[in-house]
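*Asks:* What follows is the residue order along each chain.
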Amino acid sequence: MIDEIGHFALVLALCIAALQASLPLLGAARRDAALTGFARPAAVAQFLFIAVAFFALMRAYAVSDFSLANVAANSHSAKPLLYKLTGVWSNHEGSMLLWVFILALFGAAVAVFGRNLPPALRARVLAVQAMIGVGFLLFILLTSNPFARLVPAPLDGNGLNPVLQDRGLAFHPPCLYLGYVGFSISFCFAIAALIEGRVDPAWARWVRPWTLAAWCALTVGIAMGSWWSYYTLGWGGWWYWDPVENASFMPWLIGTALLHSAIVVEKRDALKTWTILLAIITFSLSLIGTFLVRSGVLTSVHAFASDPARGTFILLLLGVATGGALLLFAIRAPSLAGGGLFAPISREGGLLLNNLLLATACATVLLGTLYPLFLDVVAQKKVSVGPPYFNATFVPIMVPLLVAMAVGPMLSWKRGDLLAALLRLKLAFLFMAAAALVTLAAMGIASIGAACGLALAAWLLGATIVEWTERVRLFSEPFPASLRRAWRLPRAAWGMTFAHAGMAVVVAGIAGSSAWSVERIETVRAGQSVELAGYTLALDDVNEVTRADHTALRADMRLLKNGREITAMHPEKRFYPVEGGTQTDVAIRTDLLSDFYAVLGDSDGKGGYVLRLYYNPLVPWIWLGAALMALGGLVSLSDRRHRVGAPARRARALAGAAAQPAE
Amino acid sequence: MNRVLLICAMLACAALSAAPAYAVRPDEMLRDPALEARAREVGKELRCLVCRNQSVDDSDADLAHDLRVLVRERIAAGDTNAEALQYIRARYGDYVLLRPPFQADTLLLWGGPALLLLAAAIAALLFYRGRRVAPVPKPLSAEEQRRLRLLLDGGTEPRATKLRGTER
Amino acid sequence: MTARRWPYLVPVAVFALMAAAFYGGLGIDATVLPSALIDEPAPQFDLPPLPGHEHGFTTEDLKGHVSLVNTFASWCAPCRAEHPVLNALAQRKRVPIYGIDYKDKEEAASAWLGELGDPYDRIGADSGRVGIDWGVYGVPETFVIDRAGRIRYKHVGPLSQQDVDRTILPLVAKLER
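Residue numbers (our numbering), protein chains in the order written: chain D, 1 to 663; chain R, 664 to 831; chain Y, 832 to 1008.
Keep in mind the hints are simulated off the structure, nothing from the lab. There could be a bad hint or two in this list.
What the hints assert, rightly or not - Cut-off 25 Å, straight-line C-alpha distance, at most; resulting in silico cross-link-like pairs (SDA-like, lysine to any residue):
hint, chain 1, residue 1, chain 2, residue 2
1, Y, K936, R, H728
2, D, K414, R, A783
3, Y, K985, Y, L848
Let the sequences and hints guide you as you build the complete structure.
*Replies:* Structure below.
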């Protein structure tokens, strides 16, 4: 019964979305407040209906209702409750429902929290959002219905892939979707602006919080996915340039470009057309990602079961949404008025360089990901593009970006003095030299690659610190005055500092782990120990353990350094009888500066076990840095200025002006 | 359906997508650490054909194991890294290489990033060159000033005054 | 105005190309890898027989006539599905079918053939190395070999009757001329 209600709720949501997609647009064109006013309640209603459907599905999983084909295929009564619930989005149909749930959530959020938006713009944004909703709801109802029944209902389900039964991974899809799908709002703002024929600084201010929220979520989602694959898949890697990973990384790259170019629109009323284009492209990349994962067009570790019929539908959605948006862009964008002028060497010039490099990096990743498909279609030749290609092409584009990232914030608007900026960065040069020298001294000349990477990270960190000290006039004013300034700094400024610092930490983590990770593979018996990187790992015993839905081989090990015991480690190899799969549970000991990583392998039949040990210096900094970046985004999001709306009267105009200090 | 069956066959050959990681096994490893390091490098450049996006070095699949053993034999027999890679490539085609080879049909792939950078640079150049000085806007007439004030007040033009108050 | 407009058409044009490639891609099976050995001579090999069989399978067996080489294993489900097609083809005595028992246990393979029928003129037991020389990456796979012992065609996956009638047999006929 509840399943039927869920199904019906989806249909109702589709009807509302269809109305929401059309009436407000009509209303905004005709300046009819009743029609425009329909958008807000419709968006909230659409969200509520989809929520009913989503929670109905979740309930079906929780009670193990195997009369639903989706539940029977992806769950099992012996699963712990957490994995029953998170199993909702572990499969194609459920994750599509999550997709539209988040789409509608963002729509409702704009309806409820977007009070500062002019009504006509808000109506148009919600209408475009509803159009996307209509497309995906149709897709779900016609090709991927999670409420399809299985008659007769089986006694038990097929279970959940053991690799997915992990606390960290369970929440990775919702986070990722909050990111990817969240960028739909930026897309809607762009379309609304094109329809209105106007992009002004106020538009940039209104679109910013939504873009920031989506960007934060995507940063966390990607970092979570990377961290999960590091501790689950057991070979110490954290990024594989897999097509599906690339599909989430590309919107992140362009989303970052969008955040930066919107600053230029807001502060200087320039780069408008480019910003609109970026907003369209970010979400289009999300749609392309959705297509790639679900159509079977590319092989990937992550891909859901492929189905060309679904692929065709998504391609159609992609064609209408992206094709339509880009066509609208081609028609309307030329009439958008050009904006403020600026010299190539200036803050705006720096932001433009940032954008060009990020766009080139993204285009490179897209090229590498799609090239095999392109060659197969055009020449029927199969070629494979793997990590060696991406590492060889992506890194050289990012390096100049990281260098420029340090200098950009030091330049003034409109026309900057590069030499003066570089001179003010003396501290950053110092940091860079120190990092390089310390690395070479400590690790030898062979570490030249790591030295360069760490030097780059130090350069960026140093520059971020210098920029902050300049803002608070740390060295030019008495300390209490600086402290007061720091206290009063707009949160967006703190956000930038944290985010750029976070990036520096990530670069350091990548440099260190790529250059200095060491590995040891040995067959070890109980009572023996292995040495790696100055640590000793003693294997005490290996036992069999039986748990609710799996049996495991569990090793009892102790990690020692200089004879002192640091911690116990218990890597496991688990066997899941229902799904028939094996899963390794890696043991990691981290001191936040490096990881000691142990994997239990097969028995050699003679009492020995294969142990794979890794020592990964600086790897935790990759995720700590990402967390710092996301924190920066959140801090920036909480800036009061994002909530100031269009100035109305003299009084409000004064308040508005006070809240926008000249920078 | 056939494709599904084949995928099942290939996955039965691999250790299923719940891939535990004990890829390179101690009994495979060469005794000479320098040769073993080279074998690992070569393994990282070969794609595991029955896995989804893993290298032969990372994968548990039987085929990956066989290829790792084969690579070690070739290296121990005196092949250079390139020769060992070519040996496998001759049997499986270009697809087995994770680093796409430099040849006529990958010209666009390898040349692409440089071309894209060039395009970006040209776009920036054209952007900076092509801008004209923005004309100074004329001051507003009295009628336009009145309309402006009304817009700031109520968000709608006088024509729609009957609907004022339904927004916000 | 038109001169200024063309750059704005670039994004939609690029997208249109991409969408066309996606559409083309939907019709392609991303999991099937074409053989790198088409028109190359079959590799040199000498495989031992299965228990209970007199002859193994060597390169020499391929010379002088058109033949099919089929890789199979007792642990392979699709091989079971395709086996009746091979049996039917063997009954017609149209073209010799040779088998490579790929990474299998000999007793299991013999039992499997005993249960499902043996369409093979010769069978070689392969631990996997010969399969690599043939570019085999899964089972079943079927190769068409010409008179000179060159590989002319590879079919990946189980053979259906349709595959045999529409592709394999016409090719065999062509190679026999």
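*Asks:* Tell me, in ascending order, the numbers of any earlier hints that this structure violates.
*Replies:* Number 3 - this is the single hint that the structure violates.
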